[in-house]
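There are 2 protein chains.
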Amino acid sequence: MKIPTDIEIATETTMLPIKNIAEKMELQEDSYELYGKYKAKINSHELKKMSNKKNGKLILVTAISPTPAGEGKTTTSVGLADGLAKIGKRAMLALREPSLGPVFGMKGGATGGGYAQVVPMEEINLHFTGDFHAIGVANNLLAALIDNHIHHGNILNIDSQKITWKRVVDMNDRQLRHIVSGLQGKVNGVTREDGYDITVASEIMAILCLSNNIVELKDKLRQIIIGYNSSGDPVTAGDLKAEGALTALLKEAINPNLVQTLNHTPALIHGGPFANIAHGCNSILATKLAMKYADFAITEAGFGSDLGAEKFIDIKCRMADIQPDAVVLVATIRALKMHGGVSKKELNKVNKDAILEGLPNLKQHLVTIKEVYGLPVVVALNKFETDTAEELELVKEYCLSNQTEVVLSEAWEKGADGSVALAESVVRLANQTNDFSYVYDLTDSIEDKLTKVVQKVYGGNGVTFSKKAYKELNELNRLGFSNYPICMAKTQFSFSDQVSLIGAPKDFDINIASLKISAGAGFIVALTGSVMTMPGLPKHPASEGIDVNEDGDITGLF
Amino acid sequence: MKIPTDIEIATETTMLPIKNIAEKMELQEDSYELYGKYKAKINSHELKKMSNKKNGKLILVTAISPTPAGEGKTTTSVGLADGLAKIGKRAMLALREPSLGPVFGMKGGATGGGYAQVVPMEEINLHFTGDFHAIGVANNLLAALIDNHIHHGNILNIDSQKITWKRVVDMNDRQLRHIVSGLQGKVNGVTREDGYDITVASEIMAILCLSNNIVELKDKLRQIIIGYNSSGDPVTAGDLKAEGALTALLKEAINPNLVQTLNHTPALIHGGPFANIAHGCNSILATKLAMKYADFAITEAGFGSDLGAEKFIDIKCRMADIQPDAVVLVATIRALKMHGGVSKKELNKVNKDAILEGLPNLKQHLVTIKEVYGLPVVVALNKFETDTAEELELVKEYCLSNQTEVVLSEAWEKGADGSVALAESVVRLANQTNDFSYVYDLTDSIEDKLTKVVQKVYGGNGVTFSKKAYKELNELNRLGFSNYPICMAKTQFSFSDQVSLIGAPKDFDINIASLKISAGAGFIVALTGSVMTMPGLPKHPASEGIDVNEDGDITGLF
Numbered sequence: 001m002k003i004p005t006d007i008e009i010a011t012e013t014t015m016l017p018i019k020n021i022a023e024k025m026e027l028q029e030d031s032y033e034l035y036g037k038y039k040a041k042i043n044s045h046e047l048k049k050m051s052n053k054k055n056g057k058l059i060l061v062t063a064i065s066p067t068p069a070g071e072g073k074t075t076t077s078v079g080l081a082d083g084l085a086k087i088g089k090r091a092m093l094a095l096r097e098p099s100l101g102p103v104f105g106m107k108g109g110a111t112g113g114g115y116a117q118v119v120p121m122e123e124i125n126l127h128f129t130g131d132f133h134a135i136g137v138a139n140n141l142l143a144a145l146i147d148n149h150i151h152h153g154n155i156l157n158i159d160s161q162k163i164t165w166k167r168v169v170d171m172n173d174r175q176l177r178h179i180v181s182g183l184q185g186k187v188n189g190v191t192r193e194d195g196y197d198i199t200v201a202s203e204i205m206a207i208l209c210l211s212n213n214i215v216e217l218k219d220k221l222r223q224i225i226i227g228y229n230s231s232g233d234p235v236t237a238g239d240l241k242a243e244g245a246l247t248a249l250l251k252e253a254i255n256p257n258l259v260q261t262l263n264h265t266p267a268l269i270h271g272g273p274f275a276n277i278a279h280g281c282n283s284i285l286a287t288k289l290a291m292k293y294a295d296f297a298i299t300e301a302g303f304g305s306d307l308g309a310e311k312f313i314d315i316k317c318r319m320a321d322i323q324p325d326a327v328v329l330v331a332t333i334r335a336l337k338m339h340g341g342v343s344k345k346e347l348n349k350v351n352k353d354a355i356l357e358g359l360p361n362l363k364q365h366l367v368t369i370k371e372v373y374g375l376p377v378v379v380a381l382n383k384f385e386t387d388t389a390e391e392l393e394l395v396k397e398y399c400l401s402n403q404t405e406v407v408l409s410e411a412w413e414k415g416a417d418g419s420v421a422l423a424e425s426v427v428r429l430a431n432q433t434n435d436f437s438y439v440y441d442l443t444d445s446i447e448d449k450l451t452k453v454v455q456k457v458y459g460g461n462g463v464t465f466s467k468k469a470y471k472e473l474n475e476l477n478r479l480g481f482s483n484y485p486i487c488m489a490k491t492q493f494s495f496s497d498q499v500s501l502i503g504a505p506k507d508f509d510i511n512i513a514s515l516k517i518s519a520g521a522g523f524i525v526a527l528t529g530s531v532m533t534m535p536g537l538p539k540h541p542a543s544e545g546i547d548v549n550e551d552g553d554i555t556g557l558f
Numbered sequence: 001m002k003i004p005t006d007i008e009i010a011t012e013t014t015m016l017p018i019k020n021i022a023e024k025m026e027l028q029e030d031s032y033e034l035y036g037k038y039k040a041k042i043n044s045h046e047l048k049k050m051s052n053k054k055n056g057k058l059i060l061v062t063a064i065s066p067t068p069a070g071e072g073k074t075t076t077s078v079g080l081a082d083g084l085a086k087i088g089k090r091a092m093l094a095l096r097e098p099s100l101g102p103v104f105g106m107k108g109g110a111t112g113g114g115y116a117q118v119v120p121m122e123e124i125n126l127h128f129t130g131d132f133h134a135i136g137v138a139n140n141l142l143a144a145l146i147d148n149h150i151h152h153g154n155i156l157n158i159d160s161q162k163i164t165w166k167r168v169v170d171m172n173d174r175q176l177r178h179i180v181s182g183l184q185g186k187v188n189g190v191t192r193e194d195g196y197d198i199t200v201a202s203e204i205m206a207i208l209c210l211s212n213n214i215v216e217l218k219d220k221l222r223q224i225i226i227g228y229n230s231s232g233d234p235v236t237a238g239d240l241k242a243e244g245a246l247t248a249l250l251k252e253a254i255n256p257n258l259v260q261t262l263n264h265t266p267a268l269i270h271g272g273p274f275a276n277i278a279h280g281c282n283s284i285l286a287t288k289l290a291m292k293y294a295d296f297a298i299t300e301a302g303f304g305s306d307l308g309a310e311k312f313i314d315i316k317c318r319m320a321d322i323q324p325d326a327v328v329l330v331a332t333i334r335a336l337k338m339h340g341g342v343s344k345k346e347l348n349k350v351n352k353d354a355i356l357e358g359l360p361n362l363k364q365h366l367v368t369i370k371e372v373y374g375l376p377v378v379v380a381l382n383k384f385e386t387d388t389a390e391e392l393e394l395v396k397e398y399c400l401s402n403q404t405e406v407v408l409s410e411a412w413e414k415g416a417d418g419s420v421a422l423a424e425s426v427v428r429l430a431n432q433t434n435d436f437s438y439v440y441d442l443t444d445s446i447e448d449k450l451t452k453v454v455q456k457v458y459g460g461n462g463v464t465f466s467k468k469a470y471k472e473l474n475e476l477n478r479l480g481f482s483n484y485p486i487c488m489a490k491t492q493f494s495f496s497d498q499v500s501l502i503g504a505p506k507d508f509d510i511n512i513a514s515l516k517i518s519a520g521a522g523f524i525v526a527l528t529g530s531v532m533t534m535p536g537l538p539k540h541p542a543s544e545g546i547d548v549n550e551d552g553d554i555t556g557l558f
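Line by line, the protein sequences are chains P and U.
If you're matching positions, the first sequence starts at 1 in the numbering used here and goes up one per residue.
If you're matching positions, the second sequence starts at 1 in the numbering used here and goes up one per residue.
Simulated from the structure, these hints should not be mistaken for laboratory data.
Errors might be hidden in some of the hints.
Which copy is meant is left open, so a pair is good if it fits within one copy or across any two.
Calculated lysine-lysine pairs in the DSSO-like style (CA-CA distance at most 27 Å, straight line) [unchecked claim]:
id : residue 1 : residue 2
1  : K539      : K162
2  : K162      : K370
3  : K516      : K456
4  : K162      : K352
5  : K292      : K37
6  : K539      : K241
7  : K49       : K539
8  : K37       : K19
9  : K37       : K24
10 : K383      : K363
11 : K456      : K352
12 : K396      : K506
13 : K241      : K414
14 : K89       : K506
15 : K54       : K89
16 : K471      : K383
17 : K471      : K86
18 : K539      : K186
19 : K467      : K396
20 : K24       : K241
21 : K370      : K414
22 : K48       : K344
23 : K186      : K452
24 : K37       : K345
25 : K370      : K516
26 : K414      : K53
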């Protein structure tokens, strides 16, 4: 039997008009705006209106350390929401929006897969409701205002060699990583080194996701540091009188987007900050709204629990004043084999030894979630066709011997039906009392915050600083940013800062290469090694296979 | 009495839900999609469905040669549509979408003014329904695919010094006019000279506006020439297998946008190609749909009748197989004074001599419209507060002595009421038989086409070619493009190619500096002098005055 592709499954499913979904949620007609028949934007003011309403349970979906084999966090999240609905619970998703870069590159979209998808997948994966375009243009207006200010006399004394604000494009375009701009004479700007990031890496993306309302949004935009003046002091977006226009550009983008799963479970898809140089979670507004509308709000955080979940907790939950009630840790047989040292092309062979070698990675995540974050956790073993019963049994036994719930998740193949066991486990866990805790306090020194993350979450010894980072540390303290939370930018493939140290490495230090302030978003980015903020396209980009027929139907998206 | 600003008038007016407008137009529910409560997109397939329906009259609004004093074409167009509605005619507008560049720069939006506006003005002027973002990202995907192809081995042998395809951004950003990209080593692309245009200048914008349907759109995208290979032969978007993905990105953007005037007259606002290096009219689809839905479709073309109207007729009408039934030529006392040599700050003084000096400019436009295009014309004298009765009378007499209808247009101050006289004149003229004619035949040689435009429309002697242009002319003939129409890129301020030759110059040649093929859009761009395709921001950009309050209400847009 031919297995249908994601877009085939998605387009063969009958969606409900989003109006019907909104009615089911008891939304008033003036609380949302339609964007076509199957997308809507919920007004951000709704949150304030519902301030007295009790919050539903918040479920965080995270994963073991990612491998090239993939883990299926979004698919599991979507399946879980549908599974909860199937057992009679009011469930709602709060997920990230996909970036166009991966859609045309290699990774494909970010709307789940198989029978656990959010739809309309082709619209969500292309422009959706324009949020990323709004963020991109706001980012680039600020960039234009900076160079324009210098061009027209530079009253603020901006040092053109110390501009930290880059332009962005929602595209994998390596050609733009390093450019020289403002060439060919004074009338065409000021010649300087420059470069592009992908839009999801813009600080404005992080700001949008961390703002509880439009006033906070404008305030954060105002505080963006765009670079430094000739005395070394920060120059802000506010100094350029930019925050009003930027907010105007973002006034629709701040409203969370409502869509549905294949099973008609409501889903808010909103914001998608880069999980390395930003915190990698969907917007605070979407998560909070989901908690108001549903008894179970399902959200996810980028990469593994060491990166995404830590930042979810220490940055997003703290700024939003919310906390998760239970955690789902997604693992796959294939990923565990890779953590056990098996190469990608050998993954289809039964290999219990490799799984045993890889399980310490799972364990380190479990220990962090339970003992550091203080939260109940269930392992969702995301089933692939190639998994054998004995391999699955091995992982189950391991979890049980570690006093951890474990269920098989068959969301991809069976949708809601394949997620009932997970849903039941989640309901049970979320009703337990928990011991939620941040990893560090904001009043801790920057060094202490970093050390706590490394020791408590990564299982390492501590941190070392490059000369550059040490200088930046002193500078951040001088400028009064010592009370900001930390946004770790570390490889997702290892608990350490070395990609090759898979599994659960011990006895390592994390070297902080650089410390940067995102004063608008409100966190200090700690870079460990170099972080790629502009991907490239592969030799045969996915775009080559995408087509549209005369009726406007798209094929080749995955 | 304080005169309210455009945005004050716009936001104080009660709009009808766009659904009601659609119902009034007898649109089926599945013929359009809502984008919020006051915007909709009409499915491009509607045109095919109505192929047997009789077309309404097509009215072209154009103007005398623009001056810094402004002429008010959009305001007059909106007023005319409302005026037609007021006298009981089914009228509909087909206008261009504004670019974000001028909105944050100096010029402001492009939604009319005073009591003759299309609304919601702040949404139309900001992201609207995302068409320009879609065009920008399609443009930039193609750019990324080019450099990516070279990076991965360059099978097509693209000469990196002969890449003609530029990246775009919807922003006035002089800093990006000339850049060097692909710096810092092989892994980061191929170092080459590069540069950005503003999004409206993208060939994809022109393509979208010149496509009758989605199949034509894809076909035109496939034919885009992105540069030349090492043998000097063109390399196309089709060679990069890009047309499917580009079409996917544009599949919503091709659907015309429905909004309303302050008086609830339906308006299609769709596409906005740069009026110099492209043809400067809204989309064929919008214009044709307006002709199906209404008895009078009002559209406009960029700049004066020498540029916009000529390209409207020779490019757009020809490709769309439509023709206008009457022309409105907008003139103002202030602009006529400037053509008579008065500086901008002296415009408020009564100066009949200057007007008499400026009137030959008006006359040259009239002669072209009547004798070359063969169309009936009415002069709409767009009234400003500072105009005196004797000045207005002078222009009226001049028109009448030239056997031309003339009416006072008070659209800005009085909306529909101020446009009834114009509406009545237009109805009368549009019902006359006319002698419509293109300026040249497609089978004319490129030299002959250019010469005919210069002699018949500009009133000049003929054309001369730069050495470069002459070489390009031979190359275009060799490549088989000799049957394409011409898209003149000339200063809008003069009939000649010299900005300073205001009024109605005689005895001049037009020097063709360069000839470029836009093989996708389907025309040859004839550049006369240098054309700016990336504006800059002024010392105090309009963005500084834009703000948003906590309810999301925008102020400072104009």
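Checklist entry - Can you tell me if K162 and K352 fall within 27 Å by alpha carbon in one copy, between copies, both or neither? => result Result: close neither inside a copy nor across copies, 53 Å intra and 56 Å inter.
Checklist entry - Quick one: K456 to K352, C-alpha cut-off 27 Å, is that within a copy, between copies, both, or neither? => result neither (29 Å within a copy, 85 Å between copies)
Checklist entry - How would you classify K370 and K414 at a CA-CA limit of 27 Å: within, between, both, or neither? => result The answer is neither: 30 Å in one copy and 70 Å across copies each exceed 27 Å.
Checklist entry - How do K241 and K414 come out at 27 Å by Cα distance, when the copy is not named: within, between, both, or neither? => result The answer is neither: 53 Å in one copy and 35 Å across copies each exceed 27 Å.
Next on the checklist: Within, between, both or neither: how does the pair K54, K89 come out at a Cα-Cα threshold of 27 Å?
Outcome noted: The answer is within: 16 Å in one copy meets 27 Å, while 55 Å across copies does not.
Next on the checklist: Please sort K467 with K396 into within, between, both or neither, judging by C-alpha distance up to 27 Å.
Outcome noted: neither (46 Å within a copy, 78 Å between copies)
Checklist entry - Quick one: K516 to K456, C-alpha cut-off 27 Å, is that within a copy, between copies, both, or neither? => result within (23 Å within a copy, 63 Å between copies)
Next on the checklist: Reference check for the pair K471 and K86, CA-CA at most 27 Å: within, between, both, or neither?
Outcome noted: Answer is neither: 55 Å inside a copy and 71 Å across each miss the 27 Å cutoff.
Item to check | Intra- versus inter-copy proximity for K363 and K383 (alpha-carbon distance at most 27 Å) | outcome: within (19 Å within a copy, 78 Å between copies)
Next on the checklist: Reference check for the pair K49 and K539, CA-CA at most 27 Å: within, between, both, or neither?
Outcome noted: neither (50 Å within a copy, 42 Å between copies)
Checklist entry - At most 27 Å between C-alpha atoms: does K539 with K241 qualify within a copy, between copies, both, or neither? => result between (43 Å within a copy, 13 Å between copies)
Checklist entry - For K471 vs K383, is the C-alpha pair at or below 27 Å within one copy, between two copies, both, or neither? => result Close neither inside one copy (48 Å) nor across copies (65 Å); limit 27 Å.
Hints 2, 4, 7, 11, 13, 14, 16, 17, 19, 20, 21, 22, 23, 24, 25, 26 from the list above are not met by this structure, while the remaining hints are.
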